[in-house]
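Q: One-letter residues, chain by chain:
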Amino acid sequence: MTTLLDPTSERTTGERPISARPADLADGTVGLLDISKPRGDVFISRLDELLTEMGVAVRHYRKPTFSKPAPLDLRCQIAAECGAVIEALAD
Amino acid sequence: MHDIVGLEDLGVPGVFVASDRFAQAADAQGEALGMHPIRVLTDHPIQQRTDEEMRALAEAAFPEILAALTAGQPS
Amino acid sequence: MSLPIADGLLVVVKDDCETCHLVVPVLAELAGREDGVAVVSQDRADFPEGFDAIHDRQLDISWHLGTETTPTVYRIDDGEAVDEQAGWYRAGWERVTGMTGLGAGLPEQRPGCGSDTMLPDNYQRLLRRHSPYPMSSRRVDLGTAEDPVEAAYARGWTDGLPVVPPTEERVARMLEGTDLPPGHVLCTLPPDLAECTVEKVAINAVMAGCRPEYLPVVLAAVEAAAGRGFNIHGVSATTYFSGPVLIVNGPVRRRIGMNSGVNVLGQGNRANLTIGRALNLVVRNVGGARPGGVDQATFGSPSKLSFCFPEDEEGSPWESLAVQRGFGPEESTVTLFAAHGPIEVVDQKSRTPESLARTLALQLRMVAHPKLAGMSEAVVVVSPEHARLFREAGWTKPRLGEEIHSLLTLPVSEMVAGAGGTAEGMPPWLADQRQELTKFSPEGLWFVHAGGGAGGFSAIISGWVGGRAGSEMTTVAIDH
Numbered sequence: 739m740t741t742l743l744d745p746t747s748e749r750t751t752g753e754r755p756i757s758a759r760p761a762d763l764a765d766g767t768v769g770l771l772d773i774s775k776p777r778g779d780v781f782i783s784r785l786d787e788l789l790t791e792m793g794v795a796v797r798h799y800r801k802p803t804f805s806k807p808a809p810l811d812l813r814c815q816i817a818a819e820c821g822a823v824i825e826a827l828a829d
Numbered sequence: 336m337h338d339i340v341g342l343e344d345l346g347v348p349g350v351f352v353a354s355d356r357f358a359q360a361a362d363a364q365g366e367a368l369g370m371h372p373i374r375v376l377t378d379h380p381i382q383q384r385t386d387e388e389m390r391a392l393a394e395a396a397f398p399e400i401l402a403a404l405t406a407g408q409p410s
Numbered sequence: 002m003s004l005p006i007a008d009g010l011l012v013v014v015k016d017d018c019e020t021c022h023l024v025v026p027v028l029a030e031l032a033g034r035e036d037g038v039a040v041v042s043q044d045r046a047d048f049p050e051g052f053d054a055i056h057d058r059q060l061d062i063s064w065h066l067g068t069e070t071t072p073t074v075y076r077i078d079d080g081e082a083v084d085e086q087a088g089w090y091r092a093g094w095e096r097v098t099g100m101t102g103l104g105a106g107l108p109e110q111r112p113g114c115g116s117d118t119m120l121p122d123n124y125q126r127l128l129r130r131h132s133p134y135p136m137s138s139r140r141v142d143l144g145t146a147e148d149p150v151e152a153a154y155a156r157g158w159t160d161g162l163p164v165v166p167p168t169e170e171r172v173a174r175m176l177e178g179t180d181l182p183p184g185h186v187l188c189t190l191p192p193d194l195a196e197c198t199v200e201k202v203a204i205n206a207v208m209a210g211c212r213p214e215y216l217p218v219v220l221a222a223v224e225a226a227a228g229r230g231f232n233i234h235g236v237s238a239t240t241y242f243s244g245p246v247l248i249v250n251g252p253v254r255r256r257i258g259m260n261s262g263v264n265v266l267g268q269g270n271r272a273n274l275t276i277g278r279a280l281n282l283v284v285r286n287v288g289g290a291r292p293g294g295v296d297q298a299t300f301g302s303p304s305k306l307s308f309c310f311p312e313d314e315e316g317s318p319w320e321s322l323a324v325q326r327g328f329g330p331e332e333s334t335v336t337l338f339a340a341h342g343p344i345e346v347v348d349q350k351s352r353t354p355e356s357l358a359r360t361l362a363l364q365l366r367m368v369a370h371p372k373l374a375g376m377s378e379a380v381v382v383v384s385p386e387h388a389r390l391f392r393e394a395g396w397t398k399p400r401l402g403e404e405i406h407s408l409l410t411l412p413v414s415e416m417v418a419g420a421g422g423t424a425e426g427m428p429p430w431l432a433d434q435r436q437e438l439t440k441f442s443p444e445g446l447w448f449v450h451a452g453g454g455a456g457g458f459s460a461i462i463s464g465w466v467g468g469r470a471g472s473e474m475t476t477v478a479i480d481h
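Chains as they are written, first to last, in my numbering: chain A, 739 to 829; chain B, 336 to 410; chain C, 2 to 481.
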């Protein structure tokens, strides 16, 4: 394991932070990323219905395979098209 | 996990939904990746559930998913 | 730690070294002395056979002795090595041992082998193990799958370029560049008003790519930046272009190999590039001034990344900037100027200092705006070709300054808002008070000498608002 010395004034945590959250989801599209495991599609389509009822725009994405990280292109596409993303469903 | 971390790195707030059996693995991966993205856990098992049960799981998890993606919620 | 013997002879050897095998008969001769000899073996307890060698498994003895070569024979007096000879060199061994006729049948000399303490992994481990200064910064344990360079980006520590990952070993080496302890608080850095220790500067200097011998320059630059006059908070927060420009004077320039010649303001010299970068990383990481946060610059400029150069004092017709600012020619200093640029000055035709001064004045009028005066300051980097003209005519720096101030004393009517068809300019009420305005304040125009030998050019480094309302040029001695 590599250990580095913190170069900052140490007013924030050493772990890198998750990105800032929007106040609500109304303004941006929510991406639904299906990791391609069995039954996940049913779970995701129900999330789609619930979000749509709230007036939130939804886009669907699907990983080629659940066993590997999503290709960089797919991640960049999601980042370009969505304001938030839900990945489901791992078991 | 890798996907959500990668998307967080690109500035997209994300949440990762998994069955509760996955919790420990997610923690370990968080250590490895140097980031702990927000995750929402559902009851295990998944794969033999009926459609009705799957929809119920989604409904049960939904409030937590919304909270994870919006501001003012504990991360 | 203490050595295995307080007085007498000690020889450091290793099995994996031909010269060490060569000197075994000599060790036997030394062992015959009344006080004997302590044999310390780096790699094997049973080498050399029959000597009951002390196995320096952790290399602590070799480290303590500073052994660079095996074999090395030491004379120990009162627990300290007082004389030594590395490799096999008969006369040297005889000097250290006080014996004659050593190693009959051996060649006069034979080079030794590298000590195991000098293997990179060992060196780093030992440096860390024996560092006299414990470091107190938070340890950030990376994930097992994290790349250290990527990890530094992900945590927001970089300026956009890759950084050298600041491991404890690297920081320990960096700290060897100063006699100040790591916990020494150098200053309080705005905007976060965070305490800035020598250790934090060293960490950022590692990331910037500095060598340990550059650290004293970086430390002085950080002190200068934190000074009230320089106003790093304002420099960071302004929408204006400026960042810290560092001008280095004195013997330190040569000692650390800075470039004051060809491409002086460009790429290619590690010291020039990394010292300026280290200061900016400290401002970012310790001070907390980050673009989009406190830093709201409209454009910014490369001086926010790195803009650092030494004056060519040896080739200059004039006293150095440091001397002008009250330091001695043998003192090393760093001068901080909140600035950006450079603006080019082309004059390949002037043959008199008067003509060249007019060129400089024309271009200097552009700083900020041709119709603004008394606001920005400027440093003119005069090239060797241009300097030669002033040297031949015997023009001193003050003489050149007077000429330019005189050429840039302009009619108020040309300078006020609205004149020349543009609304930008000095306040119109000035026209009621005076006839003329001088572009630069007496303390607002400086000349330094640097650059390659060919080219009829000079460079204007234009500054932010000078003086108390903005940033005061600040010079600090480099003495740690």
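These aren't lab readings, by the way, just hints derived from the structure by calculation. Virtual Cβ for every residue (Gly too), placed ideally from N, Cα, C. Please note that the accuracy of each hint is not assured.
Claimed, not checked - Ranges of calculated distance between the beta carbons of each label pair, as one might list FRET restraints:
hint, chain 1, residue 1, chain 2, residue 2, range
1, A, Pro807, B, Glu388, 21 to 31 Å
2, A, Pro755, C, Glu177, 30 to 40 Å
3, C, His56, A, Ala758, 22 to 32 Å
4, A, Pro755, C, Pro330, 47 to 57 Å
5, A, Ala818, B, Asp378, 31 to 41 Å
6, C, Asn264, A, Ser805, 47 to 57 Å
7, C, Asn264, A, Met739, 39 to 49 Å
Stated by the list, open to error - Here are some of the chain A residues that sit facing chain B, going by a computed Cβ distance under 10 Å:
hint, residue
8, Arg749
9, Val796
10, Arg797
Q: Now tell me if each hint is right for this structure.
A: Hint check:
For the hinted restraint 21 to 31 Å between Pro807/A and Glu388/B, the CB-CB distance of approximately 29 Å keeps it satisfied. Against the hinted window of 30 to 40 Å, the Cβ-Cβ separation of Pro755/A and Glu177/C comes to about 34 Å, which satisfies the hint. Roughly 58 Å separates the CB atoms of His56/C and Ala758/A, a value that falls outside the hinted 22 to 32 Å. Look at Pro755/A against Pro330/C: about 50 Å separates their beta carbons, and that is inside 47 to 57 Å.
Under the hint 31 to 41 Å, the C-beta atoms of Ala818/A and Asp378/B, about 34 Å apart, fit the expected range. Between Asn264/C and Ser805/A, the C-beta spacing of about 52 Å keeps the proposed range 47 to 57 Å intact. Between Asn264/C and Met739/A the beta carbons are some 41 Å apart, a value that agrees with the proposed interval 39 to 49 Å. Restraint check, Arg749/A versus chain B: the minimum CB separation of about 17 Å is more than 10 Å; hint violated.
Because the closest C-beta pair between Val796/A and chain B is about 12 Å apart, greater than 10 Å, the hint is violated. Interface hint at Arg797/A: violated, since its Cβ lies 12 Å from the closest Cβ of chain B, which is beyond the 10 Å cut-off.
The structure fails hints 3, 8, 9, 10 (numbered hints given earlier, in ascending order).
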